[in-house]
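Colleague: Using the sequences provided together with the hints, build the complete structure.
Residue numbers (the working numbering), protein chains in the order written: chain A, 1 to 372; chain B, 1001 to 1338.
If you are wondering where the hints come from, they were derived from the structure by calculation, not from laboratory data.
Virtual Cβ for every residue (Gly too), placed ideally from N, Cα, C.
Treat the hints with care, as some may be off.
Claimed, not checked - Stretch by stretch, here's where chain B covers chain A in the computed footprint (C-beta under 8 Å, at least three residues):
{"id": "1", "stretch": "83-89"}
{"id": "2", "stretch": "210-216"}
{"id": "3", "stretch": "240-247"}
{"id": "4", "stretch": "253-263"}
{"id": "5", "stretch": "266-274"}
{"id": "6", "stretch": "347-358"}
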Amino acid sequence: MSGSAPGDGEVLLQLKNVRLRFKTYAGDVKALDGITFAIRKREALGLVGESGCGKSVTALTIVGLLPENAQVSDGEILLSGKNLLKSTPEEMRKIRANNVAMVFQDPTTFLNPVLTIGDQLEEVFLLNPERLARVAAKRRTEDAQKKAGTSGERTKKEARESSLAMLSKAEQRKVARELSIEVLKKVRLPDAERILDDYPHELSGGMRQRCMIAMALARKPDLFIADEITTALDVTIQAQILELLRELKREIAGSTLLITHDLGVVAELCDRVAVMYAGNVVELAGVEDLFANPLHPYTQGLMRAIPMIGRPLERLETIPGSVPDLIYPPSGCRFHPRCPMALDRCEVEKPELIHTGKDHTVACHLYEEKKS
Amino acid sequence: MTQTVLEVKGLTKWFPISGGILARTTNYVKAVDGVDLEIKEGETYGLVGESGSGKTTVGKCILRLIEPTTGEIIYRGQNITKLKGDTFRRIRRKIGIIFQDPYASLDPRQTIEAALTEPMKYHKLVESDDKAHERARELIKRVGLNEDHLYRFPHEFSGGQRQRIAVARALAMDPDFVILDEPTSFLDVSVQAQILNLLSDLQEELNLTYLFISHNLSVIEHMSDRVGVMYLGKIMETAEKQIIYQRPEHPYTHALISALPIPNPALRRQRVVLSGDIPSPVNVPSGCRFRTRCSYATDYCKEKEPPLSARQPGHLVSCHYELKMSTPIPITKTSRKI
Chain A
1 MSGSAPGDGE VLLQLKNVRL RFKTYAGDVK ALDGITFAIR KREALGLVGE SGCGKSVTAL
61 TIVGLLPENA QVSDGEILLS GKNLLKSTPE EMRKIRANNV AMVFQDPTTF LNPVLTIGDQ
121 LEEVFLLNPE RLARVAAKRR TEDAQKKAGT SGERTKKEAR ESSLAMLSKA EQRKVARELS
181 IEVLKKVRLP DAERILDDYP HELSGGMRQR CMIAMALARK PDLFIADEIT TALDVTIQAQ
241 ILELLRELKR EIAGSTLLIT HDLGVVAELC DRVAVMYAGN VVELAGVEDL FANPLHPYTQ
301 GLMRAIPMIG RPLERLETIP GSVPDLIYPP SGCRFHPRCP MALDRCEVEK PELIHTGKDH
361 TVACHLYEEK KS
Chain B
1001 MTQTVLEVKG LTKWFPISGG ILARTTNYVK AVDGVDLEIK EGETYGLVGE SGSGKTTVGK
1061 CILRLIEPTT GEIIYRGQNI TKLKGDTFRR IRRKIGIIFQ DPYASLDPRQ TIEAALTEPM
1121 KYHKLVESDD KAHERARELI KRVGLNEDHL YRFPHEFSGG QRQRIAVARA LAMDPDFVIL
1181 DEPTSFLDVS VQAQILNLLS DLQEELNLTY LFISHNLSVI EHMSDRVGVM YLGKIMETAE
1241 KQIIYQRPEH PYTHALISAL PIPNPALRRQ RVVLSGDIPS PVNVPSGCRF RTRCSYATDY
1301 CKEKEPPLSA RQPGHLVSCH YELKMSTPIP ITKTSRKI
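Modeller: If you want it as structure tokens, here you go:
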């Protein structure tokens, strides 16, 4: 939350000048045009923009799940110092299993319809038998301690030894199921035991999305990527999920990357916000700073263009034109054909991200002029 | 007193569910379950609700694109529920509709010109093809496109442009009442504002009456004069926009509005989070249909369905109790810079 914004905290993930294009029959879609931003430890960073601006592609690049026609031509993505773009598929698989978890917009497409929720959720735990053994051992000691009162010095030692022993398959399943129930309770699903035996189609959209979140959290990831996770839901269900995320934020030790086109969601949940337009990060600032003092003409336009409850307006201001075709992106600043304040140089020269204040950066020539 | 353009009385639409080997009707999806509406000349009536609440079905029943199960639709004093043939066609041309998905609502094999002139020809509004062309040229300019666009096909346009074409086509019949069924939910926010402004301009210029259907509470607030809140096929509360958004009296309206994330971090607030999901419209809860999610529900709500009754003139609420609830949205005193 805003009050506990982690200031200039340590960086968890750093994207540096990431360029990406999709090969298509119609030509190359220049989807990411040098993306640079960092996610700090324990913060919630919002990534906002309209459809086609590259928010989801950015997330897919981080987790290494790009389609085959995608080509990263430049840049690096550093997760705790390790370049993910240079990792092998096997390493990426491990990173997805242990470090970075992602939840997508439509839970229906990402849950396997022929497996129960339990099958899919328990698998997360079964992939890590050592952890299951540790958990089982810990439970045994706790039980033993309860029985023997608090004189548990010796039992602790025993437990440490027994934790090294592997569990049998049946035991593993049992522990995995217990852990699954716990994690489902954590995402406030009532009746967790029953839900484990349900198939995805037996659950509502909100419940499915909770299951997806549970699967992501089960791994205790360093980075939790939420890609438009409330978009497909109704307002009252969306409120439930937002409330859940807010509560979980206190529990999750990791960072969150929240991708959305809804500025309302960003205002409620994020510490910092990156605004994207046509494959570029155009502005990056703390959430309160961004809403009170948006600098980039696109951010300003976007905020004036949305109807807001409690802000009665005669007319909405509009951004002329529409989002450009990224096969033939505009030269220079990609926003210049729609920008009411475009200068001559905007057409030829791409603006760099510059600092305009404490923790507020913007990619716009207007502010370079002012500075110099 | 302004004239009533459209009145809907006791509208229901039950879709049968068939099952068993004989494919007999076993049950009904009660999509619309008793809706009354009154829309006045020149106003915009906003119909808001979550998915499955039946708002789109209401829109389609008014035009009789779906035949209502029971109820009456009265357009300018004339009951059109049972009209047939030419008489109905003459009335229907005064009611336009714009659908949600501009990618599905235009025929991909028809040029824009054909799409615009077809309704004019069908309704015999123009004497000759030349006149039809002329009118198509006027319309396309009126919605902010230019004449060249007439000879193109739908796939050559962006979503926003397509929705402009859909607007032009609805206007081709010279309607005075237009049903807007989620006209901007497929569009990006920067384009949404353009379409909303266009719709406002056209309303003023052509003195149109709108029924604006949307799940987006902010858009409804921006566009409407009066608002009706639907839940599971019924209207829970209807009133002037300001009352709905600032002093709602139905717990569902209150929860719905307070659930909306507001794009202003300074306004973070206590929200009412409803538990559970919308019940299935096949098994509507007994008594008050909202009681399963209502924190104020009592045993009485289980037994008796509350009628939609007037609290004040023009403010109708379907709840047994007069609840005192806080304002769902704090209004900022400090005006923001943007």
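Colleague: All the hints need checking, so say for each whether the structure fits it.
Modeller: Hints, one by one, checked against the model:
Interface restraint, the stretch 83-89 of chain A with chain B: violated (0 residues with C-beta to C-beta distance below 8 Å; minimum three). A count of 0 residues in the stretch 210-216 of chain A with a Cβ less than 8 Å from any Cβ of chain B is obtained; the coverage claim is therefore unmet, three being the minimum. Coverage of the stretch 240-247 of chain A by chain B holds in this model, with 3 residues showing a Cβ closer than 8 Å to a Cβ of that chain against a need of three. Residue count for the stretch 253-263 of chain A with a Cβ under 8 Å from a Cβ of chain B: 3. That meets the three needed, and the coverage hint holds.
Given as covered by chain B, the stretch 266-274 of chain A passes the check, having 3 residues with a CB less than 8 Å from a CB of that chain where 3 are the minimum. With 0 residues bearing a CB less than 8 Å from a CB of chain B, the stretch 347-358 of chain A misses the requirement of three and the coverage assertion fails.
In summary, the numbered hints that this structure violates are 1, 2 and 6.
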